[in-house]
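As a plain string of letters, each chain reads:
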Amino acid sequence: MATMVIDKRCLWSAAGIGAFLFCLSLCGQARAADQVPWKLAFSLSDQSAGDALPTALYVDGDKKRYYMVDSKGGRLLSFDDQGVFLQVFSPEEGLDKPFDMVRLSEAVLLIAEKGKNSLTRIDFARQATSRVAVRDGGRQLVVDRLEMAGDRLYLLDRASGQICRLSESFNIEQRFPLPQGSGGIVDFKIVGEQIWALGQQEKWLYVYLDNGRITKRLDISALVKFPVSLAVDAGGLIYVLDRHAGEIVVLDRQAKLKQRFLGKGHGPRQLYYPMEIRFDPWGRLCVVDEGNSRVQVFRR
Amino acid sequence: MKMRCALLLAAGLLLLAHDPARAVKGCLDCHLPKEFSGKIVHKPVAKGQCTQCHSPHVAKFKGLLQKQGGDLCYSCHKEAKKSFSQGVQHQPVQEGQCLTCHSAHASEQKGLLNRPIAESCFGCHESLAKKEYPRQHKPFAEGNCVACHQPHQADNYQLLKDDGDALCLGCHRQPQELAGHQGFPGQAGGCLSCHNPHGGTAQGLIRANLHAPFQEGCASCHNNKEVRGSALCLSCHGEVWEQMLAPHSHLLAGDDFCVTCHSPHASDTVGLLKAPYEQLCRSCHTDTFDRNRRSLHSHPQTEKCTDCHEPHGSQRLVMLNGDGNAICSRCHETQGEFSHPVGSEIVDHRTSRGMNCLTCHDPMGTEYRYHLKLSGKKALCVQCHRSY
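Top line first, the protein sequences correspond to chains A and B.
Going by my numbering, the first sequence opens with residue -10, and the numbers climb by one from there.
Going by my numbering, the second sequence opens with residue 3, and the numbers climb by one from there.
Because the hints were derived from the structure by calculation, they are not lab data.
Hints may be right or wrong, so weigh each one.
Derived DMTMM-like pairs: lysine to aspartate or glutamate, alpha-carbon spacing no greater than 20 Å straight-line [said to hold, decoys possible]:
hint, chain 1, residue 1, chain 2, residue 2
1, B, K132, B, E144
2, A, K253, B, D157
3, A, K192, B, D325
4, A, K61, A, E82
5, A, K214, B, D292
6, A, K253, B, E144
7, A, K61, B, D165
8, B, K112, B, E37
9, A, K214, B, E280
10, B, K80, B, E110
11, A, K214, B, E97
12, A, K214, B, D364
13, B, K84, B, D73
14, A, K253, B, D350
15, A, K214, B, E347
16, B, K379, B, D350
17, A, K192, A, D112
18, A, K253, A, D222
19, A, K214, A, D199
20, A, K214, B, D289
21, A, K61, B, D325
22, A, K253, A, D241
23, A, K61, B, D73
24, A, K192, B, E37
25, B, K375, B, D364
26, A, K192, B, D292
27, B, K69, B, E110
28, A, K253, B, E280
29, A, K192, A, D208
30, A, K105, B, E241
31, A, K61, B, D157
32, A, K61, A, E95
33, B, K379, B, D364
34, A, K105, B, E244
35, B, K133, B, E305
Computed from a predicted model, the values in this text were never measured in an experiment.
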């Protein structure tokens, strides 16, 4: 009888300790979910940036350079991979509202120049600048976001809201048709063989294959107010930039909310009408913060 | 045996506690029955189930209510909660303010409305009530708003019961009513593009401002087979295209982006807008309008969003139509001359940008007085003046 009483007490104690440990583990998980793994590494800004309104960032992994596109100043600002300001660049004739850029080859930059509605090719070797108006039949495309994947160039046409893949001579070789009900794509990123695109008005994410077919649609309308940009990390998590909230929303592949971080304001780790996010080749998350005239670079 | 007695006693006490007659008797000792009588009586009131909504002793909410606003109503009207959350929602529904239109206990009006439907609608939509149209659409003149609008939610813009054309042509299907449309290409449609559904001065309730080519006839635009859609608009309004080639613009996807905001034929607003500014801009910028409404302190709404913002495109942040100081001092003249130092020489160290009014104020709404971004007592100032 005494043995049974002891056994029962032992069982109750063990159960109590188990429950306590279980609660502790739950608290730990909750705390982990609250913690944001992204620490501010540095900001790309400089006194010379002044009243810059940055709209895009291009990261050159080979040269270990960041290039900030300043649409207001009509110029590019370069920084090294530790955020140290290097120089300001603008061709002699200036850039009229540059919006985005990519590097086409060792000595050639390509700028989406909104004011001229052209793809502006800057050849450093030949010291020459040329402008190309991209046409689709009789219609001129309105240049917007640019992306490169290997030697393939992708352009977002603001007028049709569609992404296009362009040939070397800037002719359209592949269209990525708008999904039904979409008000147009606002940003896209190339992730492996897929193109991840963001529909701003309807607040949906779309995944295209390189043949233009959509393979996935994700509704994020309940999670964001005014999405403007997206990025996908190496682990497959999706990052959506909410311009009005000044927040980054992290989602899993099923668009389930994982985390929200940053907020609206002017201090460190705050955003004021941000414009674009992207991962650099070193896994750092870069946020183009238009209203604060800087790019904030976060590391894990 | 003892156990059975205890169970019976507990059951008896529970029944007593939930006896409606007993509950209402207690309540009506003080609250006069005539306050709860009317042509239509809310079901729990009729059954004397006061405690379905009220706590007799203490409660967190005013009126000793068990829950607040819509939460209380939806605890019974579960289906309504589900259906009201779809599509376009009426603002009081969105905010769970059911009692804006309904009475909780009894009413002389169908649906427990707290006053006749037109009075209820015009109670909030005051500007519409004040309009004295020489010619009025019959349902509007009769105050029959629900002839065209849904009161809670709808799948259509402006809480319309159906697509605008379907709604109009549902009544106006007589050939003689379409007689004025003989030159109209194809089937009559886009009715609201030319007609004001409430009233107007012109015959046929045609809107006040007419697009010049429309006045001349349909042919100038509709007979042009080569140029269509927005390209047709821009063939005259070329300067708008220049404005749209900016980092921030309202250039929308598609060939007909102009008619997203503008009517090609007639409008009641300057600039041939499809709706007054607030309605039109809100249809996309819902979150901005919601923030403005919910914030403790926000700039009073101006007549037009374009008082401060460019409608087509701008290189400036949030499509402003001037720099932060210039815009504000158009109205706030004193502050334009006498204020905290501002300008490109006064640099905000947080952003390396020159200070302007918008460095400290957010007119669209904040939780602080004068719609400051942080508290003006200290938090805002010490962002820069750290030694204080």
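Taking the hints in turn, this is what the structure says about them:
no.: 1; hint: B:K132 <-> B:E144; in the structure: 15 Å, holds
no.: 2; hint: A:K253 <-> B:D157; in the structure: 33 Å, violated
no.: 3; hint: A:K192 <-> B:D325; in the structure: 30 Å, violated
no.: 4; hint: A:K61 <-> A:E82; in the structure: 15 Å, holds
no.: 5; hint: A:K214 <-> B:D292; in the structure: 11 Å, holds
no.: 6; hint: A:K253 <-> B:E144; in the structure: 48 Å, violated
no.: 7; hint: A:K61 <-> B:D165; in the structure: 43 Å, violated
no.: 8; hint: B:K112 <-> B:E37; in the structure: 17 Å, holds
no.: 9; hint: A:K214 <-> B:E280; in the structure: 18 Å, holds
no.: 10; hint: B:K80 <-> B:E110; in the structure: 25 Å, violated
no.: 11; hint: A:K214 <-> B:E97; in the structure: 18 Å, holds
no.: 12; hint: A:K214 <-> B:D364; in the structure: 18 Å, holds
no.: 13; hint: B:K84 <-> B:D73; in the structure: 12 Å, holds
no.: 14; hint: A:K253 <-> B:D350; in the structure: 16 Å, holds
no.: 15; hint: A:K214 <-> B:E347; in the structure: 35 Å, violated
no.: 16; hint: B:K379 <-> B:D350; in the structure: 19 Å, holds
no.: 17; hint: A:K192 <-> A:D112; in the structure: 38 Å, violated
no.: 18; hint: A:K253 <-> A:D222; in the structure: 23 Å, violated
no.: 19; hint: A:K214 <-> A:D199; in the structure: 29 Å, violated
no.: 20; hint: A:K214 <-> B:D289; in the structure: 6 Å, holds
no.: 21; hint: A:K61 <-> B:D325; in the structure: 13 Å, holds
no.: 22; hint: A:K253 <-> A:D241; in the structure: 23 Å, violated
no.: 23; hint: A:K61 <-> B:D73; in the structure: 49 Å, violated
no.: 24; hint: A:K192 <-> B:E37; in the structure: 48 Å, violated
no.: 25; hint: B:K375 <-> B:D364; in the structure: 6 Å, holds
no.: 26; hint: A:K192 <-> B:D292; in the structure: 17 Å, holds
no.: 27; hint: B:K69 <-> B:E110; in the structure: 26 Å, violated
no.: 28; hint: A:K253 <-> B:E280; in the structure: 25 Å, violated
no.: 29; hint: A:K192 <-> A:D208; in the structure: 7 Å, holds
no.: 30; hint: A:K105 <-> B:E241; in the structure: 14 Å, holds
no.: 31; hint: A:K61 <-> B:D157; in the structure: 41 Å, violated
no.: 32; hint: A:K61 <-> A:E95; in the structure: 27 Å, violated
no.: 33; hint: B:K379 <-> B:D364; in the structure: 16 Å, holds
no.: 34; hint: A:K105 <-> B:E244; in the structure: 9 Å, holds
no.: 35; hint: B:K133 <-> B:E305; in the structure: 17 Å, holds
Going through the hint list in order, the structure does not satisfy hints 2, 3, 6, 7, 10, 15, 17, 18, 19, 22, 23, 24, 27, 28, 31 and 32.
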